[in-house]
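**Student:** The lines below spell out each chain.
Protein chains: 2
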Amino acid sequence: MPTHFADRLAAAVRTKGNPVLVGLDPRVEQLPDALKPSDPTEPASVAAAYGEFCRGVIDAVAPLVAIVKPQSAFFEALGRSGVAILLEVIGYARSRGLLVLLDAKRGDIGSTAEAYAAGMLGERSPWGADALTVNPYLGDDSLAPFVSTAKDRGAGLFVLVKTSNPGGKTFQDLTADGQTVYRHVATLVESLAVDTVGSCGYGTVGAVVGATYPEQLAELRAAMPHSWFLVPGYGSQGGAAADVAAAFDASGLGAIINSSRAIIFAHARKDYAGRFTPGQWQQAVEAATREMIDELRAGTTAGKLRQA
Amino acid sequence: MPTHFADRLAAAVRTKGNPVLVGLDPRVEQLPDALKPSDPTEPASVAAAYGEFCRGVIDAVAPLVAIVKPQSAFFEALGRSGVAILLEVIGYARSRGLLVLLDAKRGDIGSTAEAYAAGMLGERSPWGADALTVNPYLGDDSLAPFVSTAKDRGAGLFVLVKTSNPGGKTFQDLTADGQTVYRHVATLVESLAVDTVGSCGYGTVGAVVGATYPEQLAELRAAMPHSWFLVPGYGSQGGAAADVAAAFDASGLGAIINSSRAIIFAHARKDYAGRFTPGQWQQAVEAATREMIDELRAGTTAGKLRQA
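Residue numbers (the working numbering), protein chains in the order written: chain V, 119 to 426; chain A, 119 to 426.
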């Protein structure tokens with residue numbers, strides 16, 4: 119039986135001493151100059167550049183953080199060569215000791231949901247991810263096959279609860295029976311987390327909760343005490359350490375905080391102008407990661423995590 | 119400027135004279151014996167079998183129907199070889215004159231949503247689908263990039279509104295401000311359809327509405343007069359012609375009715391026992407398709423569509 123995902127995540131976050139989740143969102147126009155493909159309209163050439171770029175980011179962050187999150191869309195957009203490179207990137211990150219959370223926001227019913235979960239989760243699956251983001255709109259029976267497969271394989275799920283985009287309110291903030299829709303989703307997620315709780319106190323099923331709404335983060339932390347939170351929206355989308363503080367428990371566990379562009383494209387950050395040569399893009403990635411780690415250690419209970 | 123998706127769909131449905139949408143949901147254990155892979159645990163071998171099977175189904179149904187719907191999950195579950203075959207299947211279906219609706223239920227925000235749409239939709243995209251299913255949970259700004267890209271490329275979208283699974287009610291049927299959540303989604307879909315309406319009277323943005331809830335189908339037809347409906351749940355999931363009749367407009371347009379297992383695995387249907395030899399699985403597919411066409415012509419306004 120594989121080790122429980124929540125326990126693996128807790129151990130990795132404790133070992134690295136921080137909750138930073140680095141997003142791998144390659145965009146061809148933002149790659150460091152040295153890695154730009156000769157033909158940006160040729161999918162195989164762009165995919166090869168994404169592979170080299172992501173391996174470079176992984177090399178820079180593997181000693182520092184517990185977990186990375188490839189965004190499937192940017193690879194899928196390139197067709198078969200993009201998917202092939204995504205699978206290589208997942209394997210490379212795992213070979214460097216990182217956990218891999220695949221951000222694919224899948225959602226379907228019955229045997230279709232099983233196919234997604236079985237194909238994408240677990241060491242011997244073709245995709246080989248440790249965890250997957252999923253969308254709850256299709257309801258409780260659409261999540262069940264994902265949960266069952268994830269549990270069997272020691273993998274994890276992060277269900278979209280309250281997202282960080284302005285339009286997240288369109289349906290998530292509607293009020294039904296005295297509660298927002300996102301709170302109804304949170305109730306289901308918490309029950310699934312309780313059903314699958316590991317020895318760290320958290321379950322197989324976590325929640326995506328945006329950092330742009332700190333008061334909702336506090337409300338949802340209280341509503342889902344057994345769910346790991348994936349918190350997007352830090353950095354580029356405007357969140358800061360104080361905004362995400364409520365996502366953590368007293369010991370500094372319970373949340374992973376995502377930053378993508380501000381880390382992986384740190385070479386182009388205005389506040390880093392003149393600090394790194396064009397060839398030093400990996401040093402820029404490392405500096406941005408260390409900066410975020412320091413901010414979170416200073417501004418949240420993640421400061422209590424023991425450094426290995 | 120490519121032709122408007124809704125107009126292409128209306129023309130194809132009129133030409134074929136029926137609204138049947140054949141789902142391509144290959145499952146290794148249900149393949150005809152002659153196509154079963156030698157090693158069902160080897161993804162490349164299973165993917166090759168899926169390719170042969172889907173081409174065979176396409177050959178059988180291309181003269182009869184307007185549109186097919188590959189279910190991305192079953193291909194993705196096989197990793198890179200599965201995705202490669204899916205892209206071949208999409209291309210093959212298009213080469214046989216069929217429209218291709220990719221059932222991938224994607225949903226994301228901003229440039230990520232753009233990446234999905236640009237990668238998957240349009241003749242010159244790597245995936246090359248004519249239309250895509252999308253999930254609305256992330257809200258109005260998550261749909262906007264899909265809509266804009268689909269419109270530019272003459273492609274279509276089908277937004278999940280009311281799904282056919284029992285758990286569809288979990289969140290979709292919650293009542294907020296006097297209306298169900300699915301009705302709130304319908305209001306957004308209709309406004310997007312009106313904004314993108316083609317000369318046939320329907321827009322770029324359609325809706326997924328399950329056939330298991332006929333009264334909701336009628337309610338939603340009235341609420342979304344400018345949206346093509348994709349209606350799953352016919353056949354295997356229990357729907358019948360009378361249940362889907364409300365999805366059509368007076369001229370027989372406005373809905374495509376999906377059947378997957380009852381058509382593609384017709385060789386194993388109990389009611390076909392003894393009618394076809396094991397080698398005649400394509401004849402079984404053809405017979406099941408003709409049967410569904412006849413049922414819909416007899417039981418809905420689709421009977422008014424002109425046969426080419």
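Hints are computed from structural coordinates only; laboratory data are not their basis. Don't take each hint at face value.
Not everything, but these chain A residues come out facing chain V in the computed CB check (under 10 Å) [what the hints assert, rightly or not]:
(1) 129
(2) 133
(3) 135
(4) 143
(5) 246
(6) 302
(7) 317
(8) 319
All values derive from a computational prediction rather than experimental measurement. All C-beta atoms, glycine included, are put in the ideal place defined by N, C-alpha and C.
**Student:** Please name the hints from earlier in the document that this structure breaks, with their numbers sorted from lowest to highest.
**Tutor:** 1, 2, 3, 7 and 8
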